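Using the hints, position chain V against chain S.
Residue numbers (the numbering used here), protein chains in the order written: chain S, 420 to 732; chain V, 420 to 732.
Simulated from the structure, these hints should not be mistaken for lab results. A few of these clues could be false.
Since the list gives no way to pick out one identical chain from another, each pair is judged satisfied if it fits inside one copy or across any two copies.
Dumping the calculated SDA-like pairs for lysine to any residue here, alpha-carbon to alpha-carbon at most 25 Å [unchecked claim]:
id, residue 1, residue 2
1, K720, G638
2, K536, G459
3, K536, P441
4, K536, G458
5, K536, G449
6, K536, L553
7, K536, R436
8, K536, T437
9, K536, P445
10, K536, I430
11, K536, D440
Computed from a predicted model, the values in this text were never measured in an experiment.
There are 2 protein chains.
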Amino acid sequence: MTEPKGEWKLIEWIRSRTRLDPQAFPIGPGDDMALAGLGGESQCLLTIDALLEGTHFDLARAAPRQVGYKALAVSLSDAAAMAAKPVCALAWAGLPETRDVQFAQDLCAGMAEAAEKFACPIVGGDITSWNQPLVTVGTALVARPAGIIPIRRSGAKPGDLLFATGDLGGSVLGRHLAFVPRVAEARQLAALVTIHAMIDLSDGLSTDLNHVARESGAGAEVMADAVPISDDARRLAQQDGRTPLDHALNDGEDFELLLAVEPVDARDLLKQNPLATARLTHIGHITEGSGVTLVAADGSKSPLPPGGYEHFK
Amino acid sequence: MTEPKGEWKLIEWIRSRTRLDPQAFPIGPGDDMALAGLGGESQCLLTIDALLEGTHFDLARAAPRQVGYKALAVSLSDAAAMAAKPVCALAWAGLPETRDVQFAQDLCAGMAEAAEKFACPIVGGDITSWNQPLVTVGTALVARPAGIIPIRRSGAKPGDLLFATGDLGGSVLGRHLAFVPRVAEARQLAALVTIHAMIDLSDGLSTDLNHVARESGAGAEVMADAVPISDDARRLAQQDGRTPLDHALNDGEDFELLLAVEPVDARDLLKQNPLATARLTHIGHITEGSGVTLVAADGSKSPLPPGGYEHFK
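Pulled out of the complex, with its shape left as it was, chain S reads as follows:
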């Protein structure tokens, strides 16, 4: 989800103290999902997410049904980032006592809509009312590799080409409540080519690409004039004076995929867009070194630090 100042340092602290048996838990904290062994050959992928009123949604602008949909969709997007197949989900909600049963039912209906669309039934959960005005919703999702080795953030190699699905920026205008997690697209791409690293764009391209570069021990360059800018980013730019590119680079909650593909495979992707449901754009490449660099149309380079911001703040 959106990443407040200091969160990454705290996660680094947690990771530094976490001693996982790599046989039992091949992927631990810091990736889109964890990978856990269940005895024998059996494995599952796991993620947990939560939405907080005022941070991830605003009930003045979002219907409870949309909040329910988003709650499950953000976890489904984590499964997409690993090219995993969703199995089932759990849901939890903390609701103000002042909210009525209809509100809770609408929230559940939104979750059920996402569950049905992605064949990921909600198999359990919990609802608590509290004497606070705020709504919080949590989900946990179980997925399985189902024939595709889970794709991590850390496998990008210098020379890899970077691709993004869809158009970026300005999701706060409404897309952040109604996006389609790229579950099918991720599995299609992973079946076609060797994906070295993948992440879903939840924190914004600049932030998420910095995650991939850091985790891969590499750098990255983004070609400014190649970034696919959404109409929402352009509309938002007219309102706030920031550039459309700034929005596309730094806005959070696009929930598109960012992937690093080895050059031989990238040529195939460049020749023809293999996805019927989303544009696939070549936006840059992985380099030696570290950090992310933005390359302007005139060739000039500038650092592109993590710039994701939080909604409603």
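Chain V alone, transformed into the frame defined by chain S:
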């Protein structure tokens, strides 16, 4: 967790709309954990829980480390209720921006303490800060049957004897932050005898036994003078004028086990307490019919409706 008015009706509504393939998901909403197939013979058990500041803990009386411990312990208690073996957990926290890094680290340390004690590592999670004064913490837990068929709430049969572990009532005085989930005890008992139904006492004996009776399509009788009353229940009774028995029957968050055992096995349990770490008390039995009845020392009977209450209200 604690069950506000109307929650059960809402869960019934959700269950009535949930169509799960019973082959893939043999246990769905309404039990302590869900049971999900992962392809082939592979299965896992799943639960999600959340703690809300002011409802499940009060930071004037609880250290962040205790809150972290409790957050994972409530999920571990769900695993105990199914006699399942915990595999790993995910954790999530929503923290006020005003809380410092030390607070977050203490919270994590409390979770790590529970994780280590029960060999249930935290393999992933998420931390979000929000501009609200309240702390919320969520956990999801994965367990596996590991040789014991998961024990449901719904299998109790007329004639079964009811047992409870530990002493009940008054956990709000502190035990609700430091209880030991009965994971080991549940698996010991399940290995010894045939347990028809089991639940962890999170909502209070009266409420949770009503769950077991309803789910099993049966009634139940509790012998008032057999209920194991905790010292906390007696202390609280002196403060608030309610009886110690009332506290033992209706207070939430004991996180002890309630189990229904067939008579032939119950005799073995009555002869000798097989648990080194917790008292096991015969408190009543399952009957034909429906509803829960309290039998006083003089033999008089009265209904025992769900009486669980919410903390801090």
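Tested hints:
1. Taking CA atoms no more than 25 Å apart as the test, K720 paired with G638 passes inside one copy only; the shortest distance there is 13 Å, against 75 Å between copies.
2. For the identical chains of this complex, K536 and G459 are inter-copy neighbours only, at 24 Å across copies versus 31 Å inside a copy, given an alpha-carbon limit of 25 Å.
3. Taking the closest pair of Cα atoms, K536 and P441 come within 25 Å of each other only across two copies (19 Å); inside a single copy the shortest separation is 34 Å, beyond that limit.
4. Taking the shortest alpha-carbon separations for K536 and G458, only the inter-copy value of 20 Å comes in at or below 25 Å, while the best intra-copy value is 31 Å.
5. Proximity of K536 to G449 under the C-alpha cut-off of 25 Å is restricted to the inter-copy arrangement: shortest distance 23 Å between copies versus 28 Å within a copy.
6. Taking the shortest alpha-carbon separations for K536 and L553, neither the intra-copy value of 28 Å nor the inter-copy value of 34 Å comes in at or below 25 Å.
7. For the identical chains of this complex, K536 and R436 are inter-copy neighbours only, at 15 Å across copies versus 38 Å inside a copy, given an alpha-carbon limit of 25 Å.
8. Only between protomers do K536 and T437 lie at most 25 Å apart by alpha-carbon distance; the minimum there is 14 Å, versus 36 Å within a single protomer.
9. Taking identical chains as interchangeable, the C-alpha atoms of K536 and P445 lie at most 25 Å apart only when they sit on different chains, with a minimum of 21 Å there against 29 Å within one chain.
10. In this assembly of identical chains, K536 and I430 lie within 25 Å of each other by CA distance solely across copies; the values are 22 Å between and 32 Å within a copy.
11. Proximity of K536 to D440 under the C-alpha cut-off of 25 Å is restricted to the inter-copy arrangement: shortest distance 16 Å between copies versus 35 Å within a copy.
Checked against the numbered hints above, the structure breaks only hint 6 and satisfies the rest.
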